[in-house]
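Protein chains in written order, with the working numbering: chain Z, 2 to 115; chain W, 276 to 1156.
Calculated from the structure, these hints are not laboratory results.
A couple of the hints might just be wrong.
In silico PhoX-like links for lysine-lysine, alpha-carbon gap of 25 Å or less [said to hold, decoys possible]: (1) Lys-932/W to Lys-921/W; (2) Lys-331/W to Lys-19/Z; (3) Lys-415/W to Lys-921/W; (4) Lys-76/Z to Lys-331/W.
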Amino acid sequence: MGDKADVWQGTLALMVLKTIEAMGPLHGYGIARRIEQTSGNLLVLNYGTLYPALLRLEQEGSIASEWGASENNRKAKFYKLTRAGRKQLRKETRDWEQTTAILARFLAPSKESA
Amino acid sequence: MKRLRAWIWRLAGILPGERRERELADELESHLRMHIDDNLRSGMTPEQARRVAMLKLGGVAATAQAYRERRGIPFLENLLQDVRFALRQLRKNPGFTSTAILMLALGMCASVAIFAFVDAALIKPLPYRNPDRLVGLFEKAAACPQCNLSYLDYLDWKKFNRVFSSLDAYNHPLFTLSTPQGTEAANGTRVSDGFFRTLGVAPVLGRDFYAGEDLPAAPRTVILSYAVWQKRYNGKPDVIGQTVTLNGELHTVAGVLPREFHFAPAEPSDFWTTLHPGPGCDSRRGCHNLFGIARLKDGVPVSTALADVVSIAQQLERQYPDSNRGFGAIAMPLTDAIVGNLRPVLLVLLGGAGLLLLIASVNIASLLLVRSESRRREMAVRSSLGASRARLICQFAAEALVLVAAGCAIGLTSAGWAMQLLKTLISPHRLAGMPFLHDLGLNLRVLLFAAAISLLAAVLFSLAPALRLRLPEMRAGLAEGSRGSAGTTWRNLGSKLVMLELATAVVLLAGAGLLGQSLYRLLHVDIGLRPDRLASVYVLAPSARYSLVRQCVALERRIVSDIANLPGVKSVGITSALPVRSNDQGTWIRVLGKPWLGDHNDVLDRDVSSGYLAAIGATLLRGRYFTDAEDSSKPRVVIVNQAMAKRYFPGEDPIGKQISFSSDPPVPMEIVGLVEDIKEGPLDIATLPAMYVPFNQNADNGFAVVVRTSLGGESLFSTLDGAIHAIDAGVVTEGEMMMTARIGDSQSAYLHRSTAWLVGGFAALALLLSVVGLYGVVAYSVGQRTREIGVRMALGAEPGAVYRLILKEAVRLTGGGIVLGLAGSLGVGALMRGVLFGVNSWDMPTLAAVAIVLGVAALLASYIPARRAASVNPVEALRAE
């Protein structure tokens, strides 16, 4: 295995939601960069895959978009979290924590419980 | 919820949107710019910065495509695209398109319209509670397989049965209705008290009959049909409690039946009264005038019920041998009793329509095959450009879908019209007896049937051309060029289809031929009378003033003499029952001078006036007719028909012999005349023994008048009715009809005629479609072989040889079709035996005629392309390469 990981199926949406929650309204490029930075550049993101994912979240009503100006005064489409999106984020976060906790138990050195 | 929202967005995303495309392009563009800006800032050269940004994005086009697929629903978008393409393709080929759509519409129209009738008559449940638990009850005698019950037998069946939760009876006599304007005939039914409860029907207004309301002591009441309530009482609720004068007696209105209620065996029926058994027929066990209905107890099957009523009938035979000997019992599902006679006819019609649909579909399938053949190159190109096989099949499916949708729309619309048209062709009086046809229309079941047909057609039409889509072959198609020698594959499949079509057409033609012959034979049955210019009308005199024989005889004599004096009238007669109607059970006789052990000798019994037999044009073989003077004061006399002479006096001269009604001691009647058989019962049933006794010795207050006249037209009947009403305004007349119409409208003639015409129509269309199909195959093969024919002619083939070459194929196909079809006809004919009359299912002349008609039509159809082939100019045919 290389030292950089691909994004796992299904986790991209959660990362996107979390990123927008943390950063506030943000454009696609910004979200992509931010995800890579947050992962400590361990994740390799194919930026192209981000846009269908954003569209899907928008279709599901978790995020909304509007056009605005970037920090360098470039026209860009900004995504922000909707109320449904916050709820979705909380739920997915909980689910994910539960999943990792369960996995952690499996992967922990076994203690032969009765 | 979230998913649903997303799907709605995606559904909306299918619609083409320039703005959305531009936004996507803008967003990707701004992404790239921001990325390039960053890259430049980190010190890359502009080219490098752009290259890295593009690489990281994974390509603009690929991203946009992934985005688009998420935006809409790719499958649906492809389908829509295919449909648009199919529409363009079909528009380019209007000849093919309209032919295919029209053929499908024709097939759908015929089968859906007929199915609607099948549904209304056979599938839609009767409007009663749990109608499948209802049975019809009949008594059964040798001469009368479905006879009515006598009132006393009905009471005993009701008392002794262990299988019915309730058992009731009804009959449907002619009623008179008296209003301030006069007395007229009315439609009514007498029912026992629990009749509507047994059916599970409750009045919408007022009350049902209470138990015991059908007994002589109970006051007379009537329940109205919804229609008469609307018509005579304007649907006012205060009708309850009002009185109506029926049969000369006051009846209080107790209730009104629901609008959707109908009871076919008694329809049309406006007034439903109770039985109120009287001193006449109702008091005699041997006088049968009621029909029974009953509701089965839970869990009791019809077979058990049948066994139970049969054992009751046997017990009654033992108990009352005088009246009940020879009487069995029948219990059958009420549905069978009501529509049993329509079932074989409707199934034959549905079969005919189905075969027509089959021919139409096969024709379209082979047209599609031809098209796919000529589109081999297009398909080969598309597949080599990367279209998957599934995608190409989708293309065919889209075309099939468009064709089927259009054919279905036109077919359903015209089926809606066709069924109304067919309904108007049914005579009003017949239609009144088939109330289940009233709400004929495109209901859910009919639409489901249409949907099933459409689905099958769509599958057939997309698979037929797609079958040809095998990839290696398609590649070959590209390499092969325009020469089209692969046409042979198509010719094999296509010609098999045409053979199937021709065979189906033969089956339909043979069916139509047999039915047509049946109808012809039926209408040319020797009925023993001359029906032309013979008018007939039923007369009912009020029983209050005409209860004595003397009074009835006086009325009869007045009617005969008054009508005889009308201008144009040649002769007049009176009978208790007109010829060519349903068989009634008649009476029992004994032959004096021969041993008689109380056995029942069934004989039809007609009370006729002295002039009746002469008036209808019967043929007197021996002896004489009655005289008017022969009344109750004179010795009893009787005239018999040949069937009766043969049965009871084989090899003897019946004249002068004495017979009697089956009574002990006998009341002798002397046979004074012998007439040729007159068809008293249905046309398709052999004439039963019948005897004619003087009306003057057995008069009754209801009878029929027959009048031979040189006049015609509607005014004739108003003159007749006027003459009768002038004698007594209280006498009602009903059922005015010319005898020819009565015979033509009789049930058997009616059923035979409608089947023969409809199947004949289907067969004509089938012939047309299959011949067009054959023409298509031969013409296509000529087109494919133009070059071959050119070569042959260049090498010296005569036009005659070319004709032979082409016609040989046509003859092979036609011959195959005819042989297959004749084999099929034998099978189908055997299935149709029940609806045929006087003709065998293997009737050789019919089959031969069908083969000749189809053969000639087929050769004519193939002559046209053969002529074209023979006139091929070899130089041009070769140059065209």
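Now for the hints, and whether the structure bears them out:
1. Lys-932/W to Lys-921/W: Roughly 13 Å separates the two Cα atoms, so the pair holds.
2. Lys-331/W to Lys-19/Z: holds, 22 Å
3. Lys-415/W to Lys-921/W: Roughly 24 Å between the alpha carbons, so the hint for Lys-415/W and Lys-921/W holds.
4. Lys-76/Z to Lys-331/W: Answer holds: Lys-76/Z to Lys-331/W is near 20 Å, not above 25 Å.
Hint compliance for this structure: every hint is met.
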